[in-house]
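Q: These protein sequence lines map, in sequence, to chains A and B.
Here the first sequence stands for residues -18 to 402, numbered as in the working numbering.
Here the second sequence stands for residues -18 to 402, numbered as in the working numbering.
Since the hints were derived computationally from the structure, they do not count as laboratory data.
If you're wondering where the values come from, they're calculated on a predicted model, not measured in any experiment.
Watch out, some of these pointers could steer you wrong.
Because identical chains share one entry, a pair is satisfied inside a single copy or across any pair of copies.
Taking lysine-lysine pairs in the DSSO-like style, the calculated list, with each CA pair at most 30 angstroms apart, reads [claimed, not checked]:
#1 K52 / K27
#2 K363 / K31
#3 K357 / K171
#4 K22 / K385
#5 K60 / K31
#6 K27 / K363
#7 K357 / K52
#8 K38 / K22
#9 K385 / K171
#10 K60 / K27
Number of protein chains: 2
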Amino acid sequence: MYDRIQRFSLEELTEIHDASIHLLETVGIRFDDDEAVDLFKLHGFKTNGKTVFFTEKNIRRALDTAPSHFKLIARDITKNVDIGGDDFALAPGYGASFVSSNGHPRRYATLADYQKFCQLVQTSDVINMNGFLMVSPRDVPAKTAHLEMLYSNIVYCDKPFMASPLSREAARDAINLLAIMWGGLEELKKMTVTASLITPLSPFRYTTEMAGSMIELARHNQACVLGALLMAGSSGPTNLAGMLAQQNAEILAGVALTQLANPGAPVIVGGTPTILDMRTGCLAMGSPEVVKLTSATIQLAKFYNLPARAGCSNTDAHLPDAQAGFESALTLMTAIRNGTNFVLHAAGILGSYAAMSFEKFLIDEELCRMVIESLKPIIIDKESIDTDFIEEVGIGGDYLAQTKTLEQCRTAFFLPNLVNL
Amino acid sequence: MYDRIQRFSLEELTEIHDASIHLLETVGIRFDDDEAVDLFKLHGFKTNGKTVFFTEKNIRRALDTAPSHFKLIARDITKNVDIGGDDFALAPGYGASFVSSNGHPRRYATLADYQKFCQLVQTSDVINMNGFLMVSPRDVPAKTAHLEMLYSNIVYCDKPFMASPLSREAARDAINLLAIMWGGLEELKKMTVTASLITPLSPFRYTTEMAGSMIELARHNQACVLGALLMAGSSGPTNLAGMLAQQNAEILAGVALTQLANPGAPVIVGGTPTILDMRTGCLAMGSPEVVKLTSATIQLAKFYNLPARAGCSNTDAHLPDAQAGFESALTLMTAIRNGTNFVLHAAGILGSYAAMSFEKFLIDEELCRMVIESLKPIIIDKESIDTDFIEEVGIGGDYLAQTKTLEQCRTAFFLPNLVNL
């Protein structure tokens, strides 16, 4: 089929891969975590202080054990979510400090807001997993906020959820909570019930928080969502080709660490590569470059036969307006159409990650439903075409008056929940 | 590349084609125009009163002479627009009765509104051709409104435009005006300077206005945009496969008439197939079925190697809100990505065709720019990846402080005109 979006050739994907390997060999990745560096040393990686260097062979070995498909188990097992291939998760927005809500100016988020978002996920017919840090609650101590959020995830929602990767200790806390739910640490290790967001500090660095969390989560068979957040022009080069090579190097290094910690531990790879608005220094989330990079990043994940992550429904708009609508639609449609397996920020996010909005959550749910519906195939065969019926109605006829139309009127079409007609 | 949108197989396209031919053979198409029926008779078509029947051979012959690519000549020849293959036109909204504008309730449109839209097209960096009947002016006599609109098209804008197909006489008036501009009727016949919207009255009928216009325009080498407007559940069956077959039959009959009138006359084929909202009886323009049908319709046009038409940026929203944003984005992105060659309603339309909005025009322009930019490829080679530069910045480095970033800061990224960052 004709398609105007860029489709990388095997040569182009290999060119990016080779550049990533070159960067991993020459620049390396700094891991600010002693155990991570020790683990690399133990497996014969070349290191220099906290910097670890990777060869093609090291990366190939990691790619050999990382699964291309896995299942996220939910407390209600009818809500398990498959990740990989044709299957994908839609998770809500992540990391917002503020809540934006009709009639209220932007305000700091509370734990009650967090819990409301848990309830919105629980009652959603399309958002199939719960997040973490959907908003950052300001009314609970920072030290225990992750426990409050995890507890809320468990009590307000029985879908799979994201766990706390905010520090090694926070990851351990999550694992201990999960162990209580799932019958002990050994039982937990047999299944994947969470996926947690691991983000390199670009360029070329994993903090002790991220590296430590990665090791803890991988060891307990919990999925790491390796999502680089490169901003072209600040944490990455302005040329998008170079940006893809750097992002890919950082992600491959993360995959390698998870597979050393626990060969076969599930990972999801990708990121939300963005650009810097050069006039203001602001993050430009809704830009067309993000659409391009989203498509490119998914193609790279597929090249490695790993589940692909994309960040979607993003916008630089501060209100759920037309800009929010079309920017969200462009990334979401592209990512889902091109085969993403994990959509972060699928619902609720506004203002370049600054705020979560209840209204936008509902709007994005409708958008998600519509994107999914629009990708369902039309069955084409003699029976579905049914020329007999069309002949019967004939020239100038009225289909609305036909019994067949009446019979199909409740099921034939997608029924929107929110949009007006 | 992995793609979740439906890609019809050659077998499926042939199944639709065969069903269309079957319908053309058995039901036929009614042409309420004597000259059209006479023309078919003259070429040996089977007729019954005003109903014309078509064979596979009749259709094949028409498809043999219809061009796959042509050029729309503008008064300013630097603004010529190629149609076909990779090339496409973006035309504004069409057929609205109302104007919706900030601070004003929906009101009937005037000629001054029409002229403002002409000016918006003229100054647009992305809408590359002017429309016709963008709004229907209520302050001029209906009998001469087409002359006022055509005259406005000519004096306010030097891009190619759509001509008046409202009746045979209106088409002739347009041709006479064009002849004045282009040096006489014989000169005009040597080039295509307009594309006009021809719509069957589904099911299976062309009115005398449409059939007469088609003959006049084709004879003078002006393009006909054959756009069926089937509504599943009212003018077409609820099953989308049947709808595609019926739409295709109606369009192929139109192509045949243009090619009898003037073999080689340019046509653009497709339509804006929609569904009926079964709860309200309203047209549902922004529905996911429209996205599916848009993709399917373009694939059928490509199957026939003809320029493809799609109606995009459509929405059922009555204000330029989030719904308007995402509904417009879903059809526009799908159509342009999948290879449309003529986008009607690319800017300004609201409320299921009811109104044109100046605000939505500007929003849609930004959306068009962003879709086009997001489909531009990233060059992937050693030079563009530039690992030397990435190595130089290194672990924890800052790209913003680099000379190379400064050098590229004005040109590296798409600069939005309207959206906030």
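Q: Give a verdict on every hint.
A: Status of each hint after checking the structure:
no.: 1; hint: K52 / K27; verdict: neither (34 angstroms within a copy, 61 angstroms between copies)
no.: 2; hint: K363 / K31; verdict: between (65 angstroms within a copy, 29 angstroms between copies)
no.: 3; hint: K357 / K171; verdict: neither (34 angstroms within a copy, 45 angstroms between copies)
no.: 4; hint: K22 / K385; verdict: neither (70 angstroms within a copy, 36 angstroms between copies)
no.: 5; hint: K60 / K31; verdict: neither (41 angstroms within a copy, 59 angstroms between copies)
no.: 6; hint: K27 / K363; verdict: between (63 angstroms within a copy, 26 angstroms between copies)
no.: 7; hint: K357 / K52; verdict: within (22 angstroms within a copy, 36 angstroms between copies)
no.: 8; hint: K38 / K22; verdict: within (15 angstroms within a copy, 74 angstroms between copies)
no.: 9; hint: K385 / K171; verdict: neither (51 angstroms within a copy, 50 angstroms between copies)
no.: 10; hint: K60 / K27; verdict: neither (43 angstroms within a copy, 60 angstroms between copies)
Checked against the numbered hints above, the structure violates hints 1, 3, 4, 5, 9, 10; every other hint is satisfied.
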